[in-house]
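Q: Letter by letter, the chains look like this.
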Amino acid sequence: MNLLWRDPYADMILADGISLLCNDIQVDPQDIVMLAISWHMKAATMCEFSKQEFVCGLQALGIDSLEKFCERIPFIRSELKDEHKFQEIYNFAFDWAKEKGQKSLALDTAIGMWQLLFAEKEWPLVEHWCQFLQARHNKAISRDTWFQLLEFARTVDPALTNYDAEGAWPYLIDEFVEYLLENGIQKGQLSDWTH
Amino acid sequence: MNDRKTIDLEQGWDFMQKGITKLKNILEGLPEPQFSSEDYMMLYTTIYNMCTQKPPHDYSQQLYDKYRESFEEYITSAVLPSLREKHDEFMLRELVKRWSNHKVMVRWLSRFFHYLDRYFIARRSLPGLNEVGLTCFRDLVYQELNGKVRDAVISLIDQEREGEQIDRALLKNVLDIFVEIGMGQMDHYENDFEEVMLKDTAAYYSRKASNWILEDSCPDYMLKAEECLKREKDRVSHYLHFSSEPKLLEKVQHELLSVYATQLLEKEHSGCHALLRDDKVEDLSRMYRLFWKIPRGLDPVSNIFKQHVTTEGTALVKQAEDAASNKKADKKDVVGLQEQVFVRKVIELHDKYMAYVNDCFTNHTLFHKALKEAFEIFCNKGVSGSSSAELLATFCDNILKKGGSEKLSDEAIEETLEKVVKLLAYISDKDLFAEFYRKKLARRLLFDKSANDEHERSILTKLKQQCGGQFTSKMEGMVTDLTLAKENQSNFEEYLSNNPNINPGIDLTVTVLTTGFWPSYKSFDLNLPAEMVKCVEVFREFYQTKTKHRKLTWIYSLGTCNINGKFDQKTMELIVTTYQASALLLFNTSDTLSYQEIMTQLNLSDDDVVRLLHSLSCAKYKILTKEPNTKTITPTDHFEFNSKFTDKMRRIKIPLPPVDEKKKVIEDVDKDRRYAIDASIVRIMKSRKVLGYQQLVMECVEQLGRMFKPDVKAIKKRIEDLITRDYLERDKDNPNIF
Chain G
1 MNLLWRDPYA DMILADGISL LCNDIQVDPQ DIVMLAISWH MKAATMCEFS
51 KQEFVCGLQA LGIDSLEKFC ERIPFIRSEL KDEHKFQEIY NFAFDWAKEK
101 GQKSLALDTA IGMWQLLFAE KEWPLVEHWC QFLQARHNKA ISRDTWFQLL
151 EFARTVDPAL TNYDAEGAWP YLIDEFVEYL LENGIQKGQL SDWTH
Chain E
1 MNDRKTIDLE QGWDFMQKGI TKLKNILEGL PEPQFSSEDY MMLYTTIYNM
51 CTQKPPHDYS QQLYDKYRES FEEYITSAVL PSLREKHDEF MLRELVKRWS
101 NHKVMVRWLS RFFHYLDRYF IARRSLPGLN EVGLTCFRDL VYQELNGKVR
151 DAVISLIDQE REGEQIDRAL LKNVLDIFVE IGMGQMDHYE NDFEEVMLKD
201 TAAYYSRKAS NWILEDSCPD YMLKAEECLK REKDRVSHYL HFSSEPKLLE
251 KVQHELLSVY ATQLLEKEHS GCHALLRDDK VEDLSRMYRL FWKIPRGLDP
301 VSNIFKQHVT TEGTALVKQA EDAASNKKAD KKDVVGLQEQ VFVRKVIELH
351 DKYMAYVNDC FTNHTLFHKA LKEAFEIFCN KGVSGSSSAE LLATFCDNIL
401 KKGGSEKLSD EAIEETLEKV VKLLAYISDK DLFAEFYRKK LARRLLFDKS
451 ANDEHERSIL TKLKQQCGGQ FTSKMEGMVT DLTLAKENQS NFEEYLSNNP
501 NINPGIDLTV TVLTTGFWPS YKSFDLNLPA EMVKCVEVFR EFYQTKTKHR
551 KLTWIYSLGT CNINGKFDQK TMELIVTTYQ ASALLLFNTS DTLSYQEIMT
601 QLNLSDDDVV RLLHSLSCAK YKILTKEPNT KTITPTDHFE FNSKFTDKMR
651 RIKIPLPPVD EKKKVIEDVD KDRRYAIDAS IVRIMKSRKV LGYQQLVMEC
701 VEQLGRMFKP DVKAIKKRIE DLITRDYLER DKDNPNIF
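Protein chains in written order, with the UniProt record's numbering: chain G, 1 to 195; chain E, 1 to 738.
Hints are supplied without guarantee of correctness; some may be wrong.
[Stated by the list, open to error] Here are the simulated DSSO-like pairs of lysine-lysine, each with C-alpha atoms no more than 27 Å apart in a straight line:
hint : chain 1 : residue 1 : chain 2 : residue 2
1    : E       : K419      : E       : K381
2    : E       : K233      : E       : K345
3    : E       : K566      : E       : K548
4    : G       : K103      : E       : K419
5    : G       : K103      : E       : K352
6    : E       : K686      : G       : K139
7    : E       : K462      : E       : K422
8    : E       : K686      : G       : K103
[What the hints assert, rightly or not] Chain G regions said to be covered by chain E (calculated; three or more residues, Cβ under 8 Å):
hint : region
9    : 31 to 40
10   : 137 to 147
Read the hints as simulated data drawn from the structure, not as lab findings. Only a predicted model underlies this, so the values are computations on that prediction, with no experimental measurement involved. Yeah, the Cβ is synthetic: ideal placement off N, Cα and C, and Gly gets one too.
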C-alpha cells in the first residue's frame, strides 16, 4: 500500500500521496484526525511524511493493513478527547504547521489551526481571538504565545473573572484581554490591577 | 549604787511616761524646758535596765508594745482631732506641721528606746522602732485623710492653673509626705495622689482645649499649648515629684494636641497649609516642636508639607505651560526662555523648601522624604512637549556655553550647577538627560562654544558623584578627545611642513573623535568641491602614517569653513558650515543654479538643501539671490550669486540652524533602554537560574531604577523576546516561572 502513496521522486509521501491516502482511509484531508496521525508519526512538517516517519508511525499504531488502518481511525479520534494527549497534539501542531527554518508560525496558518483545534476542544473565545489577531496584531505567532494560549483557554474562564493581569501571560494575551474588555465583550470582574 | 534594783514595769513605765509627756508638750508648743543630757540618759538607761533584767522582769516585749501605743494614743487623742476640724489649705498646713512633729517624736522616742533596736528587735526580726513610728502615722492619720488631702492639693493646683498664686512650698511639703510615707516605695504617691492628679489634669486640659480649638487660630492655640507645657514642667520642678514629669506632660500633650491634631492642622485659614503658604516660619517651627513629641504626630504635618510643595511645583509647571502655549507656533520645538525661567524657579523652590526642612523641621528624615517625593511628582512633568530631562539639559547648556542667556560669576555658576545636579536626582529619566546633555556638550565642544573648561569638568565630576561613573564616562571621553585632537592637529601641521609638496593649499583643521563617546551622527556623502577633496586625501594619508587599524568616517555636517567672498564693494570673509561652503563654491563655476541642480551636485537630502539655501538667501545675510524672492525655499527656485551684497563688518558668520535633535534623542534612548532591560533580565536570570515572573519584574525595575523607570509592559515584551531567542524558558509546570 505504501507504494501507491509514495512520491515517485523521493522516499516521501507528499501532498498528492496524502490525498490518495486520505481517500483510501475515507478521511477528509482537513479532518483533524490527520493531525493526530501526524503526531503519532512524529511528522516534522505538514503535508509530507518521510519514509521513516510513516513506517515507524504505522508500526507504533499497530497498523499493517489498510483495513487495520481504517479500524484504528476511531481510536485515534478518541485520543483527541483526552486532555493530556490533546495538549501534546496541540503543542506538536506548532512545529508541524510552521515553515521549515522559520521560528514563528504565519498568522493565517495559525488561525486555521486554531479554528480546527478549538472546534474539537471547545473554547468560546476562539473567534474573538482570531478577529483580534487580524485587527491588531497582523504578525507571525511565537512558540511561547502558541503554547500559552492553550493554557489561557484551559484555565481562564471566558468571563475573564480569574485572569491575573500581573501574571506572566504573554504580552499578546494581555492585549487580547484588554481588547475584550474595551469592546465590552466580557463584563467580567477585573482582577485587582492595583495588587 | 551599783546594786541594780529591779525596776518594776509599772514603775518604769511611769517614769518613761513623764518623759513622753514632756516631749508632747514641747511639740504642742507648751512652755517646757528642753531635754537635758541627763534627762536623756535617764530615760535611755531605764529602758536599758528594763530590758536587761532577768526574767520575769525583762520587759522588752511590753516596752515594744508600749512604744507603739504611745504614738497611737497621742495621734488619736491630739493629732487626729485637730486635723479633722480643719479643711482645705488649713488642713494641709496642719498636716505638714503634725507630720513634722511626728517625725521629731519618732526620732526622740526611738533614741530613748534604742536598746530595743539592738537586741530584742533584731533577734525577733521585728519592724524597727523608726518603722513602727511611721507606720502608726500612716495607719491612723494617712489612711483616713489621704483622700481629702489629695483633693485639696489638686484643687490648689487647678487654682494655680487659672492664674492664682498658691503656696508652692506647702504643696511640696504635703507631697513629700506621700513620698515618705511609702518608706522607700512610690506606691502611695502614685496610687493615692498621682493617679487622680493625672485624671484631673486630663479633664482640665480637655475642657480648655475644647474651647480653644473653636476660638483660637492655629498659631495662637499652639502658643497656648506651648505655654501650658512649660508651666506644667515648671510645676513639677517646684513641688511635684520628678517621676511625675513624663506622665504629666504626656497627658497634657494628649489632651491638647493628639486629640485635636487633625482639626488643628487643618484649620482653614491658619492651619498648617496656610502657615506654609504664608511662610510663617516661626509658627511652623513651633508646630514641629510640639508635634514631634506625640507618637506619629509629625506624619500629618509632613503630608501637608508634601502636598503643599507638590501644589507649588505643579503650579510652576502650569505657569510655564501657559506661557509656552502663547509663543509663536513656529518656535514650538525650540526650548525657549520660558522653560529656562521655569528651571530657575524650580531651583528656587527647592532652595526655599530645603531651608524649611533644615530649619523649621531640624533636618528630620520624614520631611526630607516628603520634599523628595513632592519634587519627584512634579519634576517629571514636562512642559509643552519637552520633558524635564531635556529642560534641565538645555538649562545647563545655557550656563556653560559662550553667550548663553545666563551671565553669572564663576561662583554663581558653580552653585547653580550644583543645584541642577541635585534636581537631577528627582528625575526618573536620567538616561534621557544624559543623552540630551551629551548632544549639547558635543555641540559646545565641536563649535568651540564652551565658555569655561573648568566648569565643564566640574559639572561632570558632580554628575559622576551623583549618578556613578558609567553615567559620565562617555562625556569625559568627549572632553579628553578634544585635548587629543589638538595634539593630533599640531602633528598634522608638522607633517605638512615637512612635506610641502603635498600641501593642499588650504588650511585644514581636523578633529578626530572616538566614535563610541560621541553621539551618533549621520554622515552624508556630500560631494565636496575639488579643493576640499584634496585636503581630505592629504589628511587621510597622514593619518595612515599614525595608525593603520582605525577607520575614518568624515562628518561634514559638523565642519566649518572660512571662505572669502569677492563682492562688488569689498571682499568679505564668511564663516559658514562645510555644507554652506560647498554650495557657495558651486557658484564659482556657474552663475545661476536651480534648486535641483544644487541638490544633485551636492548629493544631499531635501531637508538639508532647504535649510542651507534658506540660510544663504532668506535670512539676515543674503549671499545668494533667489528667484522668486519669497521667504521660503521651493524646489522650483533659482539662485544666483549676489555680488551686490555687503555689510559694514569685514567678517560675518552665517549661522545654519541645527536640526531638531529631540526626536532622535528620544529614539536613541528608547533603543538603549531595550538593550538595558535585556541585559538586566539576562543578568538577573543568570544568577538566580529560576525566578518567578513578579520577582523578575521587581528586580529588573530596581536594577534599572538608577537611570530610568522601566515600563512593566516593556519588560514583558523583552522577556518574550528573550524566550523566542531561547535565552529564557518557562518552567514546564508553572508558566509563571522562568
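Q: Please name the hints from earlier in the document that this structure breaks, with their numbers sorted from lowest to highest.
A: 2, 3, 4, 5, 6 and 9
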